[in-house]
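Now for the letters of each chain:
Protein chains: 2
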Amino acid sequence: MSEQPATQPRDADKRPTIYEVARLAGVSHQTVSRFLRKDPTMRPDTVRRVSHAVEKLDYRPNLAARSMRTRRTNRIAVILPETTSFVPTRLLSGAAAAAHDAGYLVDVVGLEGDAAARAERIGALLQPANVDGILSFTPLAENLERLAPSGPRVPIVVDGEYDDNMRARALLADAKAADEIVGHLADLGHRTFVHVAGPKTFASALNRRTEYEASVARRGLVSHAVVEGDWSTGSGWKAGREVIAGSPATAVFAANDRVAFGVIRGLQSVGVDVPGRVSVFGWDDDELGRYFQPPLSTVRVNRESQGRAAFQRLLSLLHGKQPAAPMDTAGLNQLIFRDSTAPPPTV
Amino acid sequence: MSEQPATQPRDADKRPTIYEVARLAGVSHQTVSRFLRKDPTMRPDTVRRVSHAVEKLDYRPNLAARSMRTRRTNRIAVILPETTSFVPTRLLSGAAAAAHDAGYLVDVVGLEGDAAARAERIGALLQPANVDGILSFTPLAENLERLAPSGPRVPIVVDGEYDDNMRARALLADAKAADEIVGHLADLGHRTFVHVAGPKTFASALNRRTEYEASVARRGLVSHAVVEGDWSTGSGWKAGREVIAGSPATAVFAANDRVAFGVIRGLQSVGVDVPGRVSVFGWDDDELGRYFQPPLSTVRVNRESQGRAAFQRLLSLLHGKQPAAPMDTAGLNQLIFRDSTAPPPTV
DNA sequence: TTGTAGGCGTTATCAT
DNA sequence: ATGATAACGCCTACAA
Numbered sequence: 001m002s003e004q005p006a007t008q009p010r011d012a013d014k015r016p017t018i019y020e021v022a023r024l025a026g027v028s029h030q031t032v033s034r035f036l037r038k039d040p041t042m043r044p045d046t047v048r049r050v051s052h053a054v055e056k057l058d059y060r061p062n063l064a065a066r067s068m069r070t071r072r073t074n075r076i077a078v079i080l081p082e083t084t085s086f087v088p089t090r091l092l093s094g095a096a097a098a099a100h101d102a103g104y105l106v107d108v109v110g111l112e113g114d115a116a117a118r119a120e121r122i123g124a125l126l127q128p129a130n131v132d133g134i135l136s137f138t139p140l141a142e143n144l145e146r147l148a149p150s151g152p153r154v155p156i157v158v159d160g161e162y163d164d165n166m167r168a169r170a171l172l173a174d175a176k177a178a179d180e181i182v183g184h185l186a187d188l189g190h191r192t193f194v195h196v197a198g199p200k201t202f203a204s205a206l207n208r209r210t211e212y213e214a215s216v217a218r219r220g221l222v223s224h225a226v227v228e229g230d231w232s233t234g235s236g237w238k239a240g241r242e243v244i245a246g247s248p249a250t251a252v253f254a255a256n257d258r259v260a261f262g263v264i265r266g267l268q269s270v271g272v273d274v275p276g277r278v279s280v281f282g283w284d285d286d287e288l289g290r291y292f293q294p295p296l297s298t299v300r301v302n303r304e305s306q307g308r309a310a311f312q313r314l315l316s317l318l319h320g321k322q323p324a325a326p327m328d329t330a331g332l333n334q335l336i337f338r339d340s341t342a343p344p345p346t347v
Numbered sequence: 001m002s003e004q005p006a007t008q009p010r011d012a013d014k015r016p017t018i019y020e021v022a023r024l025a026g027v028s029h030q031t032v033s034r035f036l037r038k039d040p041t042m043r044p045d046t047v048r049r050v051s052h053a054v055e056k057l058d059y060r061p062n063l064a065a066r067s068m069r070t071r072r073t074n075r076i077a078v079i080l081p082e083t084t085s086f087v088p089t090r091l092l093s094g095a096a097a098a099a100h101d102a103g104y105l106v107d108v109v110g111l112e113g114d115a116a117a118r119a120e121r122i123g124a125l126l127q128p129a130n131v132d133g134i135l136s137f138t139p140l141a142e143n144l145e146r147l148a149p150s151g152p153r154v155p156i157v158v159d160g161e162y163d164d165n166m167r168a169r170a171l172l173a174d175a176k177a178a179d180e181i182v183g184h185l186a187d188l189g190h191r192t193f194v195h196v197a198g199p200k201t202f203a204s205a206l207n208r209r210t211e212y213e214a215s216v217a218r219r220g221l222v223s224h225a226v227v228e229g230d231w232s233t234g235s236g237w238k239a240g241r242e243v244i245a246g247s248p249a250t251a252v253f254a255a256n257d258r259v260a261f262g263v264i265r266g267l268q269s270v271g272v273d274v275p276g277r278v279s280v281f282g283w284d285d286d287e288l289g290r291y292f293q294p295p296l297s298t299v300r301v302n303r304e305s306q307g308r309a310a311f312q313r314l315l316s317l318l319h320g321k322q323p324a325a326p327m328d329t330a331g332l333n334q335l336i337f338r339d340s341t342a343p344p345p346t347v
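Chains A and B are the protein sequences, given in the same order.
So for the first sequence, this note's numbering puts the first residue at 1; every next one is plus one.
So for the second sequence, this note's numbering puts the first residue at 1; every next one is plus one.
Treat the hints as calculated values from the structure; they're not laboratory data.
Please read all numbers here as calculations on a predicted model, not as lab measurements.
C-beta: ideal position from N, C-alpha, C; glycine also.
Any given hint could be a false lead.
Subject to a maximum C-alpha distance of 25 Å in a straight line, what follows is the list of computed SDA-like cross-link-like pairs (lysine to any residue) [to be verified]:
#1 B:Lys56 to A:Val154
#2 B:Lys14 to A:Gly123
#3 A:Lys200 to B:Arg90
#4 A:Lys38 to B:Ala124
Here are some, though not all, of the chain A residues that point toward chain B, as calculated from beta-carbon distances under 7 Å [what the hints assert, rightly or not]:
#5 Ser67
#6 Asp107
#7 Gly110
#8 Ala129
Which residues of chain A face chain B? A partial, calculated answer using Cβ under 10 Å [stated by the list, open to error]:
#9 Arg60
#10 Ala64
#11 Gly123
#12 Thr233
Just need the whole structure built from these sequences, with the hints factored in.
Right under this line is the structure:
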C-alpha cells in the first residue's frame with residue numbers, strides 16, 4: 001500500500017486521461033471512450049461507474065488527441081476585418097455562440113498587416129487538419145490565394161456573399177429593407193436622393209447600394225449622388241458638408257448609423273436642418289440613435305442572429321448539404337421610423 | 001514505375017505529412033521535423049532540399065499532432081463578456097494581433113447563457129491540454145470555479161485586474177487620468193460633481209469610480225452622487241434626466257463616451273444646456289465624440305495597445321516570469337478637451 | 001456489452 | 001549531422 005499510488009498517480013500537474021478514469025471505474029479505457037461518445041449500448045451500471053470516475057477525477061478530454069484521431073477538429077476559424085473602423089462585434093458573438101451551441105470552438109484571426117511569419121501561421125491554421133471551416137466577416141478576394149495556395153480547402157462562408165443560385169432569396173431581406181427605405185422617403189414626398197455607401201468590397205454595402213439605385217430608378221426618382229464611404233462617422237460628416245449640403249437632395253440613405261450620425265452632424269454644422277431640410281435614414285439601430293438629436297430612423301437588424309445564420313450556413317457546408325438561405329428572411333430587418341425623416345421642405 | 005506512386009500518393013483530399021516531405025527530399029521524417037524546428041545543426045544543403053520539398057508540397061504542420069507531443073498548444077482563450085452593451089472590440093483585436101505576433105492562436109469563448117453542455121465544452125477548452133492560457137475581458141469571479149473546479153489551472157489574466165503588489169503602478173494610468181479630469185473641471189471652477197459609473201464588477205470601472213471619489217475628496221469638492229450605470233447610452237440618459245438635471249451638480253464624469261452621450265442628450269432633452277449649465281467628460285475617444293453636439297471632452301485610450309498589453313501580461317505568465325505592469329503608463333491615456341466642458345454658470 | 005490491437009502526425013530520446 | 005524508435009491521448013475496428 002505504498003509502492004503503487006493506485007488511482008491518482010498523476011504528477012500533480014498532469015490532467016487525467018481516459019486510462020486513469022478507466023482504472024478508477026474498473027473498466028477498459030475505451031469503455032470510457034464509449035461513455036464520452038454517449039454510446040447507447042452501455043449497461044446503465046457501467047455508465048454510472050464511469051460517470052462517477054469522470055466526475056471524481058474532473059476528467060476533461062484532450063481535444064487535440066481526439067481531433068487527431070477523428071480528423072475533425074470541431075473548430076472553425078473566424079476572419080475579422082483589418083479595418084479599424086468596422087468591427088462586427090455582434091456578428092462575432094452571434095456566430096461564436098451558435099458555433100459553441102453546435103459544439104464548435106472558434107478561432108479568431110485578423111487580417112492585419114502582412115508579416116510573412118503571421119501569414120504562415122494563419123496559413124497553417126486554415127488547413128483542414130487544423131480547422132473544419134472558415135467564416136469570414138470581411139471580403140476575402142485574393143487574400144485567400146495567398147493564405148492557402150493549393151491543396152484541399154475547407155468550406156468557407158463569407159458573410160453577406162452568396163453563390164448565384166441563392167443570391168435572390170438570401171439577399172432579399174437587405175434588398176427589401178433598402179427598397180422600403182426609399183419607398184418610405186418617397187411616400188413622404190422626397191424626389192432627390194443621396195446614398196452614402198459602405199466600401200464596395202463588402203457584399204452587404206454593395207447590395208444596399210445596388211438596391212438603392214434600382215429602387216430609385218424603379219420609382220422614377222433622382223439619385224443626386226452616391227458617395228463612397230467607409231462605415232465611419234467621418235465619412236458621413238464629409239458627405240454631409242461637401243456633397244449633400246447645398247445640393248438639391250432632400251433625402252439621404254446612409255450605409256449605417258455611424259455614417260448617418262456623421263451626415264446629420266455635418267449638415268447641422270453648416271446650418272442645414274434635419275429633418276426640416278434634409279431627411280436621413282440609417283441602418284443598424286445603434287442604441288445612440290434613440291437618443292440622438294433628431295432621433296434616427298433606422299433599420300433594426302439582429303446582428304446576433306445574422307452571425308448565427310452565417311454560422312448555420314457554414315454548418316450546412318460542413319455537413320455536406322447545400323446551404324439554405326436564411327428562411328426567416330422576412331423578420332430579419334425591421335424599419336424603425338423616428339424623427340430624422342419627415343416630409344421635404346415645401347418649396 | 002507503376003506500383004509505388006512515389007512522391008504524391010495523397011488521396012487527393014489529404015494534406016501532406018512530414019513523411020511525404022521527407023520522401024520527396026530524400027531524408028528521414030524527423031530531419032524534416034528538425035527543419036521545422038529550425039534546428040541550426042543541419043547542413044545547408046539538407047535545409048535546401050527539405051525547404052524545397054516543403055514548398056513544393058505546400059506542406060503545413062498539423063497543429064493538433066504537434067501540441068499533443070509538445071504539450072503546448074500555442075493557443076490562448078479569450079473570454080468575452082456576455083453583456084451585450086459592452087463589447088471590447090479593440091481590446092480583442094489588439095490582444096489577438098499581439099498573440100498572433102507571438103505565435104499564438106486565439107480561441108474566443110463567450111460567457112453567454114449557462115447551458116450545461118456549453119459549460120462543459122468551455123470547461124474542456126480551458127484545460128491545460130487545450131489552451132496555454134486565458135485572457136479575460138470580463139470579470140470572472142466565481143464563474144471560474146464553475147468552469148474548472150479542480151486540478152491544474154492555466155495562467156489567467158483578467159484585463160484591468162492586478163494583484164496587490166503591482167496594483168499601484170498598473171492602475172496608475174487610469175487613476176491619473178481620472179484625477180486629471182476632476183482637476184480640469186475644478187480648474188474651470190466646478191465644485192459639485194456627479195460620476196456615472198460602470199458596473200462595479202469591472203475593475204476598470206471600479207478603479208475610475210474610486211479615484212473619482214478620492215480626487216474629489218482630496219480637493220475639497222463635493223460629489224453630489226455616484227450613479228451606477230452599465231456602460232450604455234440609456235443609463236447615461238437616465239442619469240442625466242433623473243439625477244443630474246435639477247441638481248446642484250455642474251460637472252459630470254461619465255464612465256465612457258457612450259454613457260456621456262446619453263447624459264448630454266438626457267440633459268438637453270429637459271432643457272439643460274451643455275456645457276452652459278453642466279459640463280460632461282467622457283472616456284474612450286469614440287469617433288462620434290468629435291462630431292457630437294457639443295464635441296465631447298474625453299480620454300483617448302489606445303485600446304489596441306491596452307489589448308496588446310493584456311496579452312503581454314499573460315505571455316509573461318506563460319514564460320513563468322512575474323508579469324510586469326505596463327511601463328509606458330504615462331502615455332497610455334491622453335485627455336482631450338473639447339466643447340462639452342466649460343466653466344460653470346456664474347450664479 | 002465490453003476488451004484488445006493499431007494508428008493518427010508530430011517531437012523527444014537515443015543511437016549512429 | 002542524421003536516422004530509428006517510442007510516446008503523446010484518443011478513437012476506430014475487430015475480437016471476445
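Status of each hint after checking the structure:
In summary, the hint linking Lys56 (chain B) to Val154 (chain A) is supported, as the alpha carbons are separated by about 20 Å, within the 25 Å threshold. For the given pair, Lys14 (chain B) sits about 16 Å from Gly123 (chain A) by alpha-carbon distance, which is consistent with the 25 Å threshold. Among the hinted pairs, Lys200 (chain A) with Arg90 (chain B) is consistent with the structure: their alpha-carbon atoms are about 24 Å apart, no more than 25 Å. Taking the CA atoms of Lys38 (chain A) and Ala124 (chain B), the gap is near 16 Å; set against the 25 Å cutoff, the hint holds.
A least Cβ separation of about 5 Å between Ser67 (chain A) and chain B falls short of the 7 Å threshold, and the interface hint therefore holds. Using the Cβ-Cβ criterion of 7 Å, the hint placing Asp107 (chain A) at the interface with chain B is satisfied: the shortest such distance is roughly 6 Å. With 7 Å as the threshold, the beta carbon of Gly110 (chain A) comes within range of chain B, its nearest partner Cβ sitting at about 5 Å, so the hint holds. Interface restraint check: Ala129 (chain A) against chain B, minimum CB-CB distance 4 Å, threshold 7 Å, status holds.
For Arg60 (chain A), the interface hint holds, the least distance from its beta-carbon to any beta-carbon of chain B being 4 Å, beneath 10 Å. Of the supplied interface hints, the one on Ala64 (chain A) holds, with its beta-carbon coming within about 4 Å of a beta-carbon of chain B, less than 10 Å. Evaluation of the Gly123 (chain A) hint against chain B yields a held restraint, the C-beta minimum of about 6 Å falling below 10 Å. Annotation: interface hint on Thr233 (chain A) holds; nearest CB of chain B at approximately 5 Å, less than 10 Å.
Of the numbered hints stated above, none is contradicted by the structure.
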